[in-house]
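Could you use the hints to bring the two separately framed chains together as a complex?
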Amino acid sequence: MARLPRDGRRRRPTLYRTVKDLPLHDPTRTGVLLATINVVLYSLMSLATWAGWGGWYIAANSGAGILAEALAVTVINLTYGLLVVGGTFLLHPRRWPPRVRYVLIAAVSLVASFPRTLAMRGVHSTPADTTYMLTEWVAGFTAGFVAVAAGVFTAELVSRARAEEARRLRAARSAARAVAELQSEEMRVRRMVADRLHGTLQYRMVTVTAGLDGVAARLDDGAPAAEAAADVRQWAERLEEIREEEIRSLSHAVFPAGIELGTVRALELMLRRLPPQIEAHLDIGPALQRLVDEVEKPIPPAERLVAVYAIEEGITNALRHGRASRIWLAAEVVPTDDPLAWVLDVTVDDDGSGLAQAEPELSGLSRHAERLEGRGGYLTLGPSPRGGARLHFQLPFTRTLHGEGAAGALGSPA
Amino acid sequence: MDQEIRVGIVEDEALMRGMLEQTLSAEENLRVVHSVPGATEARLVFTPGSVDVALLDVHLADGNGVALGVQLQRQDPNLAVMLLSSEDVMGLYTSVQNEAPKAWSYLSKRSSFARDVLVRAVAATAHGQVVLDPYLVQRSEPRAGSAVADLTPAQFGVLRLVAEGLSNQAVAERLGINTRSVESHLKSIYQRLGIDGDGSNRRVAAVLAFIEQTGRAWRT
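Chains as they are written, first to last, in UniProt numbering: chain A, 1 to 414; chain B, 1 to 220.
Hints in this document: simulated from the structure, not taken from any laboratory.
The structure displayed is predicted, hence computed values, not measured ones.
Beta carbons are placed, not taken as given, at the ideal position from N, Cα and C, and that holds for glycine.
Check each hint, because a few of them may be wrong.
In silico negatives: residues of chain A with every beta carbon more than 10 Å from chain B [as the list claims (entries may be wrong)]: (1) 75; (2) 158; (3) 247; (4) 260; (5) 265; (6) 276; (7) 280; (8) 325.
Chain B stretches covered by chain A per the calculated footprint, using a threshold of three residues with CB under 8 Å from any CB of chain A [to be verified]: (9) 64 to 73; (10) 79 to 89; (11) 134 to 147; (12) 209 to 217.
Chain B on its own, in the form it takes in the complex (with noise of 0.2 Å):
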């Protein structure tokens, strides 16, 4: 993490962008490049080179958080997306994901607040890898007929931990096991979920079908 991050921000709520703002920017290898209010701005000042990564709220005052995404990625296909949302709205960007040239990002506004959680995924975001709200993620069971419902509870956990953004051996130091298990447990998730491909392709594709084949339980 030598190279300095690039963030731009778009969110209505004042607060929460200064908040935002005032964590990002007290970070060493990260930089608030941009910091608006709504898409119109965006649109303005996010110019194709300028950011790393786009921060973005689902919900503004002049649009949706998603279509912004979706037409700034066009522009910048260099550039991570990570969307921010005070609801639960994770199953709703996956569906766009084949108009986007890049996986994204998900964070709710919750563990936003969370300086650790919010620089993580931020990071691993600039980096090419897709974190998922560890909130919602750790609440997330697989859903009934699905594939990831087919996976034994110990490589569901390796998903959990892969869907949250951490690498192979994040994912091991937190299960207590090696690396080595960690790769053949994803190697069976992948087979499967039916996945292929080269390996950073193939660990979106899992997290997509995290995505699209788990559910939250909010009632326990």
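Bound conformation, chain A alone (with noise of 0.2 Å):
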């Protein structure tokens, strides 16, 4: 469960992060045990060469002794090797552009091929004429280039499939979690809409016709029919109350009032709405605006819903327990590598009393941080530059890009 740092600090932003259980591939590590069982293999194959060539038959005919000219061949080869699969990857070959990277291990092993054809050179057994050494240098090189080459290559094919496995797994986690957080929330919304119809509401009611059952009795009674009307114009107001409190409180938690007109209008009458005491500023920023100017409603109704009721619990935090006066709400979108895929960014600042006091909200408020982070965002609550509290968070979205023009898409139901 995602909690809320209780002294403020600020939570690492866990946007685009990676599944922690699912061990990332490392492609050095593959790279450099390939490369090595390439460069032996060759070594042993050259040692294979050597010995049928005549290298053993002139050693054993010669002083030099067939065990030390063996092992000088198989040495001097598998020094070179490990020598280009050493200097490449020191030169860290995936920080390069996959073109650079081949030509980078082709020039150590032309380099590492001159000292090897020098050695072999040295060798007893080996012939010394101008032929035979350019012979060896290309050999030795092209050996050198395909065994680091194809250890690189290979270990980057094995760490994209990896990552494309890993992307999947986290993609289909996510979607999991989406459908898991949608599921508990609906339970959350309608257990609490029971529990108020059931209690506060049908309460409520019943006084209301209990007082007019009172009224009745006392006109019954001959009370003046003027004192009985200003009771029933109380009894009216008292009904008007629990509609504006009650039903419409209840109406809003199943679907906020102005939503299906966009995020920006939803907030504009959430700020409205809020008790006349209280300074309101709505700070809508230039990207967002352009991008509202475009399409009427660019932010997903799943979205706009997450993030106009973290807005909301914001702004009730700040009032209830943080005693706010004013409230200065920010939003704005920033665009990421893909044109389709934005980040919305809300700040709500407050002049209340701040973190001090904020320990009963932070359950409310952990429940939003969780929903924002199932869908790739975070929530943060730190102190105000205004004074109190300031909570901010990031939301993911895809932008929606088929406007019907103001009008049209205003008016269809979703």
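What follows is the structure in structure tokens.
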């Protein structure tokens, strides 16, 4: 369960995080391993070639000794191979663009192949003419390049496949989490609506019924009509309050008023509904305004709901626990690399008593923090430069593209 | 009010629709030309020039009355719009005012049951006035930190009645002062709210400022 930092410290943004329990593939380790295996195989192959093309025979007939010569050939090739492997990976081939990466390996092989050729010349059982040396140099370079490049390339393929697998797993998990979140949120709202219907609302209706019965009884007993009319008016007022406070807030919990008209309108309405003693400021950022001007409702309904409820919780906390008298609400959108993927960035500042008395509100806000995190966003609570608390959250969304023109888009029931 | 006012009603609750129809038809100078339950039907029958005032419920089964109003008024810029709603969504449509050609009136369903309030609001709206729900207007108080909060109590009292759609003469009668004082109050109100322009535009701007810069206190 996500917890909000109690000391008001900023939580590290968890946007675009990786799945922690899925070990990330290290392509360098695989690359070194594969390249080293290739190099060892190549060294053994060159030993076999040395023996097959007469090296064994010459060594046997000279004073050098077969074992020493064979060992020298193997060690020279192995050392050369490991030099290419080491040289290549010390230069961090993954940091280079793919095209340069293989040129880099070739360059290391080319350079390391030179001392190898000289060392091979020093072995007694090998010829010492220029043709041999040139052949050794080219063959050594090619073998070194192919061995290491193949290792790097294979590691790259493995890494890409693993990353794709991780991405798919991540997508599946976040989809499952979103579904679970939706279901638990639906259950929570159902329970809350049912509780309120059974509890406070019924009770308050009963008191009005009893009150009206009382007025009727007094009229029966011959009370003056003018007095009864004043009472009836009071009960009518009470009914109006019940409608405004109980029924409206219930229907709001199910679906906030004005939300179908878009995020900005819903926020405007929310601020206008605050008690008149509260000074409220709404700052719609230029990028969000541009999006709204382009398409009527750029933020899809699901994200709109999550954002509007989180903002509302923040404002309620500021008023109820922070006893704020001024609220500043700022909403902006931030682009990402993907032109369709945006991040909604919202800040709610207040001039209340701040975080010292913030304890009771944490349970409510952590639910919203969890919902935001489930959608790849985050929520932080900290001190505000305005004196009270600052609620800040980000929520990624995929912008809608097809506005049917202002009125047309507004007219659709969704 | 010699000319007949043609009224169109869009309301999904049959009882409410019937009540509106009956109340308005009973008036001599009003005629209900359309009475439909949804936005879809309204788009079909509200042809430009056929209706003077559209009474639109905010919550329709097949859409939103605010959006419908913007669309209908764009097709017919002479159409006056009055929103009806059971809950207080007065703040909702002020932001739509930038898109709609003309300012709208707003009546709560509670007030719509009072015959005189309803008839007066429909007639005033047809004559280009902006009428806000009298019950909600009386419960409205200036929002802290706003320009409206800087008005004197007397000026705010005048602004309240203007927001209800009353003429200067009616405001004067209601407050028991003369029309000249109302005019001078209005002048100061326009000045304090930074409103300029000509007569009726200034009046509409003042009503919009009233919506934007007031709030309702339910717990008294």
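To see whether the hints hold, each was checked on the structure:
no.: 1; hint: 75; in the structure: holds (82 Å)
no.: 2; hint: 158; in the structure: holds (54 Å)
no.: 3; hint: 247; in the structure: violated (8 Å)
no.: 4; hint: 260; in the structure: violated (6 Å)
no.: 5; hint: 265; in the structure: violated (5 Å)
no.: 6; hint: 276; in the structure: violated (3 Å)
no.: 7; hint: 280; in the structure: violated (7 Å)
no.: 8; hint: 325; in the structure: violated (7 Å)
no.: 9; hint: 64 to 73; in the structure: holds (count 6)
no.: 10; hint: 79 to 89; in the structure: holds (count 4)
no.: 11; hint: 134 to 147; in the structure: holds (count 7)
no.: 12; hint: 209 to 217; in the structure: holds (count 6)
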